[in-house]
Each structure stands twice: as structure tokens, then as C-alpha cells.
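Taken in order, these protein sequences are the chains called A and B. Oh and the first sequence: position 245 is 245 in full-length UniProt numbering, straight run, nothing missing. Oh and the second sequence: position 63 is 63 in full-length UniProt numbering, straight run, nothing missing.
Derived by calculation from the structure, the hints in this document are not laboratory data. Honestly, I wouldn't trust all of these hints.
[What the hints assert, rightly or not] Below, computed lysine-lysine pairings styled on DSS-like, alpha-carbon distance capped at 30 Å:
#1 Lys-89/A with Lys-311/A
#2 Lys-77/A with Lys-314/A
#3 Lys-135/A with Lys-205/A
#4 Lys-265/A with Lys-392/A
#5 Lys-285/A with Lys-128/B
#6 Lys-314/A with Lys-184/A
#7 Lys-224/A with Lys-128/B
#8 Lys-128/B with Lys-265/A
#9 Lys-77/A with Lys-135/A
#10 Lys-184/A with Lys-385/A
#11 Lys-278/A with Lys-128/B
#12 Lys-358/A with Lys-135/A
#13 Lys-285/A with Lys-394/A
#14 Lys-128/B with Lys-385/A
#15 Lys-349/A with Lys-394/A
[Unchecked claim] Facing chain B, a subset of chain A residues (Cβ under 10 Å, in silico):
#16 Asp-195
#17 Lys-198
#18 Ala-202
#19 Ala-220
#20 Val-222
#21 Thr-231
#22 Thr-233
#23 Ser-237
#24 Glu-261
#25 Leu-262
#26 Ala-287
#27 Asn-290
#28 Lys-319
A virtual CB, placed ideally from N, CA and C, is assigned to each residue, including glycine.
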Amino acid sequence: MRKKKLVSVFLSLMITSSLMVGCNGGSQNNGTSSSGNNGGGDDIIKIGADLELSGGVASFGQSIAEGLELALEEINKEGINGKELKLVKVDNKSDAAEATNGAIKLISQDQVKAIIGSATSTNTLAQVQVAQDNKIPLITPTGTNPTITNKGGKVNDFVFRTCFIDPFQGTVAAKFAINDLKVKNAAILIDSSSDYSKGLAASFKKSFEKDGGKIVAEEAYVAKDTDFRATLTRIKSANPEFVFLPGYYEEVGLIVKQARELGLKVPFMGGDGWDSPKLVEIAGKEALNNTFITNHYSSNDPDPKIQEFVKAFKAKYNKSPDAFNALGYDTAYFLADAIKRAGSADPVKIKEALAKTKDLSLVSGTLTLDKNHDPVKSATILEYKDGEQQFKTKVNP
Amino acid sequence: MELIQQLVNGISLGSIYALIALGYTMVYGIVRLINFAHGDVFMVGAFVGFYAITSLNLGFFPALLLAMVVCALLGVIIERIAYKPLRNATRIAALITAIGVSLFIEYGTIYVRGAQPEAYPSTLLPDKSIEVFGVTISSQSLLILCTSIVLMILLQLIVHKTKIGKAMRAVSYDSEAARLMGINVDNTISATFAIGSALAGAAGVIFGIYYIKIEPLMGIIPGLKAFVAAVLGGIGIIPGAMVGGLALGVIEALVSGLGYSLWRDGVAFIVLILILIFRPSGLFGKNVREKV
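Excised from the complex, chain A in its bound form (with noise of 0.2 Å):
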């Protein structure tokens, strides 16, 4: 307990001087904004990426680039309006204050009429304000939090996001469960230290209960425990028919695992939070039978849209492209479309134009996007069978 306070106390002062750190670069980049060039050539369109390419969630920030180039090659083949789209990446090291620094220096350096930007809901959510104050859409490829584009009841009108927000996911789970699964009555184990979780299961809980079904168990843990065979046996005693389980793969792998150990052969189920290889190692090939998540988007599923991206991008980078990479392929095209529609480079004209965007076909399904800038679009949903990921169906909202 003492070591808590001590670890506690350490990692204040690291906050702290993180933050200062923060500062200084913000009035750096500041100073240097006036070497900059100014727009680019009358047929070229700027267009900035503010992304986690290197430090803790790297390889998202990569995978987003990887699937932005991709498209912005495809489409530079036509071109837009006679224009070309040239990309201007910037690093944010997966850290909030180098993103908002990020986003600071596309806009007054290299002039960008719109961000891309970032991966994770914290590193999006640091240049929220950056771009509200310049007037530059903002794009987040893959920024799940519901309050990126709206805050207190108050739309940010230049944000905008290409992936479905979180309670999304456990309506879809739901309704997966009631009508593909058949199951009447479920059981809810919950991460309680984790807002995504928590969000997950509440949206479930709803939509369960609104089409007839009926929770027999609510329990919940604490991410990093290990031993779940308590709560387990408790709920097995509940008698479900179906276990909903919107963790990250850590627990959920142990969670599963010793799960089957006591004898609970029932579908579980989660969200994209279980999309690791790391899943299958702590589980087993075998506990994980009869699983299911909602993602994004599958590679293996059999729309001709999917497999001509799928195609294309094993020919360019000669890999399985994961969900990441459609993303961030869907975000270029998303952007792509409302430059076409708004005529012309304008910031505020490429806002409105994104804002109408309606029933747009792309990788990750059909893109309309609701009042709230959050797109209304299709999950997809994967079983696990010998701890491989198969394409099981598609659910519409």
C-alpha cells in the first residue's frame, strides 16, 4: 500500500513535467511558424496527417498511414476537380501534447486544408480544440470516444470520425444475440475501470432488454486480475445462455479460458477490444470456440468492395490489411468525397460538404453520417473457429 502511494507520487511528477515539456514545444513551434511555405501550387490540395507513428500505439498510427497512401494513390490517379491530394505527415510519438503541437504546425506551417488525426481517442480529442479555433476539419480514423465530436451536449462542427463510436457495438452485440444466436436471457461481466467497457455493456443492456431479453447476472472485475473463477462459478449458477464481454483481450483470454475450465460452454461475446494474436495465446485455440466480436471490418469478408481493397493493398504492402488500414484508407476516400462535393479547397466548404455526407460506399460499410458527426454504419461481426477470425454476418444499425 505504501508502494501504491510512492508509485502514485512518481507518476504525478512524470504527468507534471510531461506537461511542462508540453509547453515548451508549443511555444517552439510557435516561433518557427513563419519559415513555412505558403498552400502549395494552385493544383495541389494539403491535406495533414497528425498520427502515433512512433512510441506506445505505434503500429495503429502506422497502419493508418499505410491505408491513407494507398488511397490518396488511387485517388490522385483521377485527381479531384483537376486537383491532386498531397499528404503531410507529422509524428505525434503517441503522446496528447506532441499531438496537439502536431496539429498546430500543419495548420500555421504547411497549411493544411483539413487534419487526419490520430488513432487513439486521447490524441484526437488534444487537437479537438486546435481545430475548432482555426477552422480546419478534423478527421479521426479511428477515435471511438463519444465526446471527440460531441461535448456536453455541443457538436463540434469541424470533427468528424470515420469509425462507429463505442455504445454502437453492444446494440449491435444485442441484436446479434437475440435474432442470429436465439438466446433469451444473457449474463454481463463488465472491466469497471474502463469507460469503454462500461459503455459497451450499458448500450447492450438496452437493446437487450428493449427487444424482450432478459439479464441474469451483472458482475463485474478489475483490469490486470487474474483469477475469475469466483465471479465465473457465479454466473454459471445464473443459468445464461450467452456471456457478454466487453474487455480488452488480457482478461478476456483468461476470462474465457477459465470459463470453459469450470464447465461454461456458452457463447461469449465482446467488441473490438478482443482484436489481439495475444487473445489466442492466453485462451487457447479451443476455449475460444464460440466466440464472437463486433470489429470494424473482416478481411475475410466476401463483398467485391472488400476484396479489391483487400487486393490491392497484399499487392502494395504484401500483407492482410487489418482493420486499421481500412480505416485508414475509408478516412482518405471520406475526405476525397467531400472535396468533390464542396468544388473547391475551402475549410468551411469541405466541413459542410463532410457534414452532408450520406449513403457513401466504403471498406468498412455505408457511411452516413448522423446530427452528432458520428457515422451510422454497419458492424461487422467475427467468430473465432480454431482460433482463427471468421466472418460470421453484418449488422446494420
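Starting from the known structure of chain A, fit chain B onto it as the hints suggest.
Below, chain B alone, put in the same frame as chain A:
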């Protein structure tokens, strides 16, 4: 049926606490030091076992032995470098040093191999579930329990039947007098650290087999729980650590079983507070006077 199942769950969890608690209690018994780095020795044991199994292709028992040997060495090194120079300093100085050593091992491990978790290979031991009257017992929980009991009997034999055990009991009783009688106190203390750390290493490997996932900060919570277990049984008393560990495991399983799973860790520490208030010497504190 549910109650019996929860008891089974609790006993398997408790035997891991008990193994770690044994090391705490031995070290406290002999130098009056709460060795906070003990949970991290347990973590190192888990990683040594993991690399022994995956890189050296060893089986369960050779990996267990290797982890115990490496941890015993680590325990002796920690004692010699960090605690021995402070033997005559205040107890708080030694305690703070223990916290420092603990943080050093945790973040040193992260520096060397990164913070990402590893998964123990699941094919190492047969994992069959045995069903008895509707209660499911996995073969692995039986293995944990048996290994813990064997190790504890071994420990009792060492403490009561060997020369080094006699020396340990003597140093624990009065180290100055022991020194006057010609006992090498420093070596005896090192031996205690070696044995305690070897047990923690064994617990680490067993934890890895049973819970699959290991990571550099995995020692913190089991370490604190084992400390509670040691106090519950009466710190410094070997059978007390075993009983305290099992009791704590069962208490936690029952709390979760009643539907208060989020209170589980809280209850463990409430037990610590209650014991400290009402029975500071622990459950076994009065009857057994011998301390090692």
C-alpha cells in the same frame, strides 16, 4: 454445490498465496524485515520458468527447479547488496530500501524485455477437469495444491531436522547469542533468503501454468495479498503462512461468490486491518513461540 465449487476455487488461489507468504514469513522471522521485493522475485521466477520452457524446451519440473535456483541466487544477491549494509540501521530505512528494490526489479524487467505480457504454453501439463458431485476440479489446481504441500513439508524438515535449520531457529531467537555460540549469522540469513526466494520462484512458475498470463508488474498484488496472509497466520510462523494463505484465498472466493467481486481486494485488506487491531500476533501467534 456452488459453495463447494467456491471453496475449491478459493483453495487453489490460496495455495499460491501460501507459497509466497512462506518467504515473507521466513525473512521476517529472522531479520524482522518486510521484504517488499518478494513479490517481484515471484515475478522473476515466472519469467525464468517461461523462458526455460519456451527457449530451452525444458519440461515442467526442470523449469520449476531452474526458476527456484535462479530466484534463490537473486534473493541472496538482494540481501547482500541491499539489506546487509543496513542490518544495524533503523527498520524504516530497511523497509524503504525494500520498496526501492521492488521498484528496481519491476522497472528493470520492463527496461530489459518491455512491458508486454507473455502467455505460458498451455500444452505443458495435462489440463483435465474432474467432476465430483457436480464440482469441477481441474487437474492443475490439484497439482498446485500438491506442490505447495510438498514444498511446505520439505521446508518443515529443513527447519527442524537440519543443521542450517537449527542455525536459522537460533538466529531468529537471538542473533547476538547465536553469533557468540559460533553460528555464522550472515550465512544463515543468506540461506533464509535463498530458501524463501526459491519458494517464491516456484510459486511464479505455478502461477504461470495456472493463470497463463505473466507480465512485469504481476508480483505487486499477489505480493501484497501474501503479506496479508502472512500477517493473518502470524508473521514469522511457518504453518501460519500456509493456513493464512488458504484462508485468504477462500475468503476472497466467497466474497466474489456472494456477488461482491469488486469488494474482493478491499475485503482482503480489511482482514489485515482487523487482524492488526484484534489479534496483532496472528491466528497462530500465541500457541507457537518458535519463529523462523
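- prompt: Has the given pair, Lys-224/A with Lys-128/B, been kept, meaning a C-alpha gap of at most 30 Å?
  reply: With Cα atoms ~26 Å apart, Lys-224/A and Lys-128/B stay inside 30 Å; holds.
message: Would the hint linking Lys-128/B and Lys-385/A be met if the CA-CA limit is 30 Å?
response: holds, 21 Å
field: Lys-314/A paired with Lys-184/A [C-alpha distance capped at 30 Å]
entry: violated, 42 Å
- request: For the pair supplied as a hint, Lys-265/A and Lys-392/A, confirm whether the alpha-carbon distance does not exceed 30 Å.
  value: OK: Lys-265/A and Lys-392/A at ~19 Å, within 30 Å.
message: Between the alpha carbons of Lys-184/A and Lys-385/A, is the straight-line distance 30 Å or under?
response: OK: Lys-184/A and Lys-385/A at ~24 Å, within 30 Å.
- prompt: Taking 10 Å as the limit, does the beta-carbon of Val-222/A come near enough to a beta-carbon in chain B?
  reply: holds, 7 Å
message: For Lys-349/A and Lys-394/A, compute the direct alpha-carbon distance and say whether it is at most 30 Å.
response: Violated. Lys-349/A to Lys-394/A sits at ~33 Å, over the 30 Å cutoff.
query: With 10 Å as the cut and Cβ atoms as the points, is Thr-231/A at the interface with chain B?
result: holds, 5 Å
Chain B contact restraint on Leu-262/A - CB to CB distance below 10 Å: holds, 6 Å
message: Against the 30 Å threshold, does the CA-CA distance of Lys-278/A and Lys-128/B hold or violate the hint?
response: holds, 23 Å
query: Is the interface hint for Glu-261/A satisfied, with its Cβ closer than 10 Å to some Cβ of chain B?
result: Interface hint status for Glu-261/A: holds (5 Å vs cutoff 10 Å).
task: Could you check if Asp-195/A really has its C-beta closer than 10 Å to a C-beta on chain B?
output: violated, 16 Å
Hint check: violations occur at hints 3, 6, 15, 16, 17, 18, 27, 28; the rest are consistent with the structure.
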